[in-house]
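Residues per chain are reported as follows:
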Amino acid sequence: MEEILDRLLQAPPYSLEKEEKRALYREALSRLTRRHYAACPEYRKILDALGFDAQADYEPEEQPMLPVRLFKEYELLSVPRGEIVKTMTSSGTSGQKVSRIFLDKVNVKNQTRVLTEIISSYIGRKRLPLLILDTRLALRDRSMFSARGAGIVGFSTFGRDTAYALNENMELDLPAVREFLQKHEGESILLFGYTYMIWQYVVCALREAGVSLSIGEGRLFHIGGWKKLKDQAVDSRRYNEAVREVLGNVAVYNYYGMAEQLGSVFVECEHGHMHCSNYSDVIIRRPADFSTSGAGERGLIELISLLPTSYPGHVLLTEDEGEILGEDDCPCGRKGKYFKIHGRIRGAEIRGCSDTYERH
Amino acid sequence: MNDINYCVGNENISNRPLVPFSEEACGFAAALSAALMGNAEARNYPDVMSFAFWCRKANLLDRRNKWEARGEKRLGRGLVFHIAPSNVPINFAFSFLFSLLAGNANLVRIPSRDFPQVALVCRGINKVLEEYPAIRERTAMVRYAADNAVTEQLSRTADARVIWGGDATVAAIRGCAVKPRCIDLVFADRYSFCVLDGASVEAAEEGKLKKLAEAFYNDTYLMDQNACSSPQIIFWRNASEAAKERFWQAVFAYAKPKYGLQAASCVDKYTKLCQDAADLPQLARGSRIENLAYRAELKALPGDITGLRGTCGYFYEYNLKDYRELLPVLTEKFQTATYFGIDPEELRDFVLREQVRGIDRIVPVGKALDIDAVWDGYDVIGMLSRIVEVR
Numbered sequence: 319m320e321e322i323l324d325r326l327l328q329a330p331p332y333s334l335e336k337e338e339k340r341a342l343y344r345e346a347l348s349r350l351t352r353r354h355y356a357a358c359p360e361y362r363k364i365l366d367a368l369g370f371d372a373q374a375d376y377e378p379e380e381q382p383m384l385p386v387r388l389f390k391e392y393e394l395l396s397v398p399r400g401e402i403v404k405t406m407t408s409s410g411t412s413g414q415k416v417s418r419i420f421l422d423k424v425n426v427k428n429q430t431r432v433l434t435e436i437i438s439s440y441i442g443r444k445r446l447p448l449l450i451l452d453t454r455l456a457l458r459d460r461s462m463f464s465a466r467g468a469g470i471v472g473f474s475t476f477g478r479d480t481a482y483a484l485n486e487n488m489e490l491d492l493p494a495v496r497e498f499l500q501k502h503e504g505e506s507i508l509l510f511g512y513t514y515m516i517w518q519y520v521v522c523a524l525r526e527a528g529v530s531l532s533i534g535e536g537r538l539f540h541i542g543g544w545k546k547l548k549d550q551a552v553d554s555r556r557y558n559e560a561v562r563e564v565l566g567n568v569a570v571y572n573y574y575g576m577a578e579q580l581g582s583v584f585v586e587c588e589h590g591h592m593h594c595s596n597y598s599d600v601i602i603r604r605p606a607d608f609s610t611s612g613a614g615e616r617g618l619i620e621l622i623s624l625l626p627t628s629y630p631g632h633v634l635l636t637e638d639e640g641e642i643l644g645e646d647d648c649p650c651g652r653k654g655k656y657f658k659i660h661g662r663i664r665g666a667e668i669r670g671c672s673d674t675y676e677r678h
Numbered sequence: 025m026n027d028i029n030y031c032v033g034n035e036n037i038s039n040r041p042l043v044p045f046s047e048e049a050c051g052f053a054a055a056l057s058a059a060l061m062g063n064a065e066a067r068n069y070p071d072v073m074s075f076a077f078w079c080r081k082a083n084l085l086d087r088r089n090k091w092e093a094r095g096e097k098r099l100g101r102g103l104v105f106h107i108a109p110s111n112v113p114i115n116f117a118f119s120f121l122f123s124l125l126a127g128n129a130n131l132v133r134i135p136s137r138d139f140p141q142v143a144l145v146c147r148g149i150n151k152v153l154e155e156y157p158a159i160r161e162r163t164a165m166v167r168y169a170a171d172n173a174v175t176e177q178l179s180r181t182a183d184a185r186v187i188w189g190g191d192a193t194v195a196a197i198r199g200c201a202v203k204p205r206c207i208d209l210v211f212a213d214r215y216s217f218c219v220l221d222g223a224s225v226e227a228a229e230e231g232k233l234k235k236l237a238e239a240f241y242n243d244t245y246l247m248d249q250n251a252c253s254s255p256q257i258i259f260w261r262n263a264s265e266a267a268k269e270r271f272w273q274a275v276f277a278y279a280k281p282k283y284g285l286q287a288a289s290c291v292d293k294y295t296k297l298c299q300d301a302a303d304l305p306q307l308a309r310g311s312r313i314e315n316l317a318y319r320a321e322l323k324a325l326p327g328d329i330t331g332l333r334g335t336c337g338y339f340y341e342y343n344l345k346d347y348r349e350l351l352p353v354l355t356e357k358f359q360t361a362t363y364f365g366i367d368p369e370e371l372r373d374f375v376l377r378e379q380v381r382g383i384d385r386i387v388p389v390g391k392a393l394d395i396d397a398v399w400d401g402y403d404v405i406g407m408l409s410r411i412v413e414v415r
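As you go down the protein sequences, you meet chains P and G in turn.
In the working numbering, each number is its position in the first sequence, counted from 1, plus 318.
In the working numbering, each number is its position in the second sequence, counted from 1, plus 24.
What the hints contain is simulated information worked out from the structure, not anything from laboratory work.
Fair warning: there could be bad hints in the mix.
[Claimed, not checked] No more than 27 Å apart at the CA atoms, straight line, and that leaves these computed lysine-lysine pairs for BS3-like:
id	chain 1	residue 1	chain 2	residue 2
1	G	Lys296	P	Lys363
2	G	Lys323	P	Lys545
3	G	Lys296	P	Lys415
4	G	Lys323	P	Lys363
Excised from the complex, chain G in its bound form (with noise of 0.2 Å):
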């Protein structure tokens, strides 16, 4: 136990829950947000002032309202551990932030890289929980090296667990004892795709289609591709070679002056493309725009998909006449779709008459990274708390 390092709050940590969308809770979140928004150093990090945007008091009473009106009485579950991304700096914010509006105490494990949003977070959250006694009392974050004895140690007094990480990883956390009742909340490795109408790109005003790269940058290169909820795949609707060019012409415009390029990475994206080359048979034909944006086109999907995965600006890209074509290879694995000139509805309407496993954002090109209380197809905060019932 030695080696767990308290960023915020300490080992004495209560788990006594309040309801949801406490006074306290809203008042604190609030308050960081206020602070983190008055912060000249976090404007520099666009996804500090997302998190702190979400916070904002406005928001808060919106949800507020909205989760008043399902009329049920309810509690927090009582301490949750959350183990946040190693990878990603503020996803931890976003975890501990639902589950302090479902009414819990909170221990989290943060990022063990040094990533200065985190550090600005957590002194934001210090300052804070000065006035906020009932939630620094409920409020601990730690760090330590990645180590099974103290995920079990600190899984113990857990009444539910939040849980990011890839398959292993999660297998590795699963296997922690816990209390009986404890839940697990598990945001596993996810894969999303992009579906785009070629018809629609073509038609769109210069004004529309860069608002489109951006949006599609955002999605993608922002997080080197290397979010779940990324897409790796582009399916392409009604699309001509015209339409595609155009699309991408216009990433590459929006990118080029954005994208750090890292030279691995060039080198990585083109040995990518010569190992798809020689084990993907589905392989139409590959090709780049300048070492930024790598485009392997399938004449055909393999049985998985999940395993065509790129990094930093490489994507696949498909011909779709129907969404029926993709019923063989959707499972539980896919996560998101965003889209662009198409409409959800219909796409949604497929997965509930197909009733297909997976798939649990349609959102639109440009919100991919967006993380909300919704999240995973899980209702977050509802998940986290428990209902009191009279009958």
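The following block holds chain P by itself, in its conformation from the complex (with noise of 0.2 Å):
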């Protein structure tokens, strides 16, 4: 794997078309299926009683899944206990089941250089003032390092002169900001946040307060669901909109990641399309049978990533809707698939009596 990816991190990372990146990804994905099988109990236990034989080479639509909430339910290794140096936890709201991702040295430096690779072809290699679009406490409270931590700690690596927008209060520390903006007139300047908070603490805050930053040149770079979003019935137009109405000259990118697959990003480009790199891909399938969705047909998203060595997140089924845009030929010139998210599927609604009553 390791020559696999140091071959690609030669290449920018929106560069592999179609045939080259199937074939690529048929050979290392087989590769990676193989070395969990042999390293994972369980992977291997799921593996034999859907009666995959891991030995064989298979098309990247042919490697099993293994659904995202099994990271909640296990404890999936692919190294010994040893060797891991962090365990990533997922922002689960309080009372749910968080999952746990375990990384080994080489998983986390392999996250590293592949989000820096991803990243930097949007911001170039500087590292610019950084203003974190949320609350410093993010980092210190322990029962919120979660992804939430994380995220902010992996994308201060491309900022300097960190400042955080929001105080502990999670309200907007407007003297704070103006006094890191008037600092750094006339740089570029890089901002980061979760999707919702921002709009939230941020843009609402701002909106309120009759407020606009007028940032000369900037790049916000967020993640997190649209959820609550949708339900205001804010759509990526009307945010990206609002947030510069707020914040001034800024090129907003919505970036989609999990914590069962931090690095290889996908991150929306300036046409609105979100995009996969060298480092992973998605494919669509039909509920009904999981057979794989055609371009613009509805489905649940199957995430691919060639970097989780540690723990077999390689091939992984989510909970989320989205679908297939095109594949190689968006206008901003990136190659791969490009996609579209809806977002979370509904729980199901199971009639029956075995659930009676209400709970208490």
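Relying on the hints, combine the two individually framed chains into one complex.
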């Protein structure tokens, strides 16, 4: 795997074309599957039960998928526990089980390398002044040190002179923000935060205060769910407009990734399309039979990443819905599939009497 | 008490008993049946129709004749408080009906979820009650958010309670103080299975096979496989791979156009199969027909099989050579055995001979959900009435 990654890291992150990528993924994913089959007992049992022969090579579409929920139920490892240097947890709401992702040194390093390649293809390699649209508390509070804190730490490597826009009560710290912007006047600013928190605590707060920060040139990267925004009828166009209205001349990049596959994230380009990079791929599956959907057809999102080596997370079935928009032909010039995310599927409503009365 | 919503009747409910199968009760039930049968909207709901069909006049007469053949003199126990399941629309109506026929006044907690069937039946009851004052003063139906304080309050005056619920719910409700002579009839969580004879499946002609598939569908998919009497595991007798394949293809063909398969259920079932693969050493293999039918085939039975539960079309299977293989796992949790191609008497003989603590119902495939006045092994009308003896 290392030599495949090393080779890929020589090339720009959105350069692989369809046929080349397919051949590479066929080989790389089959190798990963074999590796996890040999090393992770749960993974092996699952493939055995499904009658999957891990020794053969498979097309990416034929690779066995692990449902993301399994990472909440099991501690899935493909390396000895002693080699784990970092355990990621997903940011589940309180009371819910959280995913636990086990990373060894190699995995941590590769995540950083790949994330750097992807992000710097948007912002260049120079470190920019960074404004985190969140609270410093997200780093300190252990209960919050989940994907949220890790996302901030991970993104901080792209910036310098980091400042936080929210105080410990999640209120906009306008003097601090103004001071930061004054200090870096004339410079290109990097901003980072979580989709909904930016909306609620930055955009709405600035609107209410009737303030525009008038940033001369900035780039905002944000990640996170859209459900609450959709409930307020905010789509990505309205979101981006509102952000620019209160922040100034800021390019807005939404990106998508899971704690289960950190590093190989998907970034929305200037045409509003989510892009797979050389390091990741997406397959859309019809719920009824898991067959692969054609372009423009909605279905369940399967996420593929070349990075997971310490845990069997290279081929995941998510509970998100999306659709492929095209491949290799986005007007932005990036190669690879580009797609759209429609959000989480609705939980199943089940009839029957086993769960009677109501939960107390 | 402010948050109790009376959909039928009010808090002034009589507790004067009637004789079982009284003129008033039978007349009311038959009128309700006629009203529902004549309601165009009700015809959209098979569960409402099967309720209306049960309490049609001819059936009530038949039941009354059979009851009278017992030659006992009985009266209802008085006031019966029913706590119906919140996620099955129509059981509240059956619970009410059986108790009414036993001669009781009834206070029924109806499902709080907004089922159109519940509203429909309540409207029918309200309308018909106008003509039956003796039943009207003995009937109330309430809604309230799950609250033990309210349940306790309503339990205080009950002479019997009919409790439908999972184990935790039952335990909570059983904790309420009741009158010393109050009895509880508890319909708790149960486990059900299906016995299929492979040779009979293979030999069945197309029409019969299709009927079997439809019957199996009605036992399972119709209720998302989540009713206590829906089979979770299939015990195959004399079955070749071809027989099983034939059965599942027939079920698939019948279910495919009918069943509203939700995307989330597809992910849930796939996830469950992966979990079973990881957790269940007895799993031989897992397979699926599209995402409609999942099959988890076992090579041995775990010590407790009541944890083997699927929903929305997720089935366990096991080749059963001898009923005695079931002896270590059969507990009082077991309710219904549905069958096809086997002799049900042979299965009953096994239960009696081996003094098995579970299995109350042995019914053909397709009848799993057919609720009746004997349910969970209880003679419901008998238990909700008292004998007035003379010697």
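Outcome of the hint check:
no.	hint	verdict
1	G/Lys296 x P/Lys363	holds, 13 Å
2	G/Lys323 x P/Lys545	violated, 44 Å
3	G/Lys296 x P/Lys415	holds, 16 Å
4	G/Lys323 x P/Lys363	holds, 15 Å
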